[in-house]
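Given the coordinates of chain A, work out where chain B should sit on it, guided by the hints.
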Amino acid sequence: MRLSKAWIVASKDLKIFVKKKTILYSMILFEVFISIGMPILLQFVIGKAENAAGLLPGLINAFSFWFVIGIVLLPTSIASYSLVGEKIQKSLEPLLATPTTDAEILAGKALAAFIPTMVANYIGAVIFMLLVNPFTFRVFLFWKI
Amino acid sequence: MRMIDVQNLTKKFGDFTAVDDLTFHVEQGEVFGLLGPNGAGKTTTIRMLCCLISKTSGDAKIAGYEIANKADGLKIRKMIGLVPDNVGLYDELSAYENLDTYGKLYECSSKDRKENIAYYLKLLGLWDKRNQPVSDFSKGMKQKVAIARALIHQPKLLFLDEPTANLDPESAHVVRNVILQLKQEGKTIFLNTHNLDEAQRICDRIGILKTKLLAINTPEQMKRSIWGSKTVIQVETITDVILTAVKAIHSSQLTVEENRIMMDVSDPMKENPGIVQAIVNAGGRIQLVTQLHQGLEETYLKVISETK
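From first to last, the protein sequence lines stand for chains A and B. For the record, in the first sequence the residue sitting at position 140 is 140 according to this note's numbering, with numbers rising by one throughout. When you read off a place in the second sequence, starting at 1, and then add 145, the result is the number in this note's numbering.
In isolation and in its complexed conformation, chain A is listed as follows (with noise of 0.2 Å):
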């Protein structure tokens, strides 16, 4: 298998995507949802809980979690909307009769679906990991007391 023939379908497929309004969209939806709307969330449980110093760990590990569904969901959707595209579009037929393997095709799909998931949950999770500090300091105020 020739990589550079599956960087070459991957590449049109990100192009694809960034041109793709909804794809975007809801890939940035869903990561602002994770990295911004946790820890607001998470502010305001422990904001309402007795023993938050407590209750924090586990509340960022469980919250963590959705990155975990990030990772599954984003890119079985972008590889499910890439290959019902071509479907749709009817751009396999020609893409299958360029001198490409279907492993090669296939692997350039999957890198397309990976990429941009696994950048966007990076973003996100550095994101996250900055506003979880100034959104529960009052905690860790209360917990250093």
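Be aware that one or more of the hints could be misleading.
[To be verified] Taking lysine-lysine pairs in the DSBU-like style, the calculated list, with each CA pair at most 30 Å apart, reads: (1) A/Lys-20 x B/Lys-284; (2) A/Lys-19 x B/Lys-206; (3) B/Lys-284 x A/Lys-15; (4) B/Lys-328 x B/Lys-256; (5) B/Lys-259 x A/Lys-21; (6) B/Lys-328 x B/Lys-206; (7) B/Lys-274 x A/Lys-90.
Please keep in mind that the hints were generated in silico from the structure rather than gathered at the bench. Predicted model only: the values in this text are computed from it and were never measured.
What follows is chain B alone, placed relative to chain A:
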């Protein structure tokens, strides 16, 4: 050199036979047209020859490479260009991006890609719109991009599946001219079409397919072999002497309609002068000598109806 060599090729989908025992060949530089009604197996034949679907039985070679062999399949795909019945372009990408992607997939160098994209987009009148998304294009423009995509790697063999279907007359004319230009460049072209006029004008040879290959020949020879050749001679006044003189040198059945004599001839170039001479010698004053031609449409319909 035989570019396409097909021997007893058959394709079955379950119990349904789409293509049955197809045997033909296409020489290098030839334009071969496959005619047939909807569901005749034309697209299935192209799909098999482009290694997109497997055959059920028989053999087919493209430039000596076996379509059933996986390693040969990649070599075949590298030397062919395909314009499918549905253009299958990426609507979100521009015409340039579509062609550039396929240029890369066909392993063209960066320089060749740039040159070929510019050449074909200019040839097809799309250079000014190269950066527009394909979704903004009309059907005809999309078809032109699909043709440019099939030519981007300068293939030796081009498969065109109904390239002018659903196009307006002007777009169809442009596409037809491009095919004629490719023919002049010496490309081998395999054309599926419903358009008999197009087939007659473009193709060196045609085949009529209806699951089985019913007839194969040049358009002219096919018409002649199906209908024969008919000479019509208009004489000022037809007399018994004239008819006797014609019958004396021409054995086939004569038909007389008003002042016209019609007869089947096997070789008009050789037989017509003798017939004309006989009529003149018998005192006839000839007003008109013409050859009666049946069109390809009548020929096609006759071949197809004979299978029903």
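Verification of the hints:
With a CA separation close to 21 Å, the supplied pair A/Lys-20 and B/Lys-284 stays within the 30 Å bound. At roughly 41 Å between alpha-carbon atoms, A/Lys-19 and B/Lys-206 are farther apart than 30 Å, so this suggested pair is violated. Distance hint between B/Lys-284 and A/Lys-15 is fulfilled; the C-alpha atoms sit about 23 Å from each other, no more than 30 Å. Annotation: proposed proximity of B/Lys-328 to B/Lys-256 holds, straight-line Cα distance about 25 Å (limit 30 Å).
A threshold of 30 Å between alpha carbons decides the hint, and for B/Lys-259 with A/Lys-21 the separation of about 29 Å falls inside it, so the pair holds. A threshold of 30 Å between alpha carbons decides the hint, and for B/Lys-328 with B/Lys-206 the separation of about 21 Å falls inside it, so the pair holds. Taken as a hint, the B/Lys-274 and A/Lys-90 pair is honoured in the structure, with Cα atoms around 23 Å apart against an allowance of 30 Å.
The structure is inconsistent with hint 2 alone, although it conforms to all the rest.
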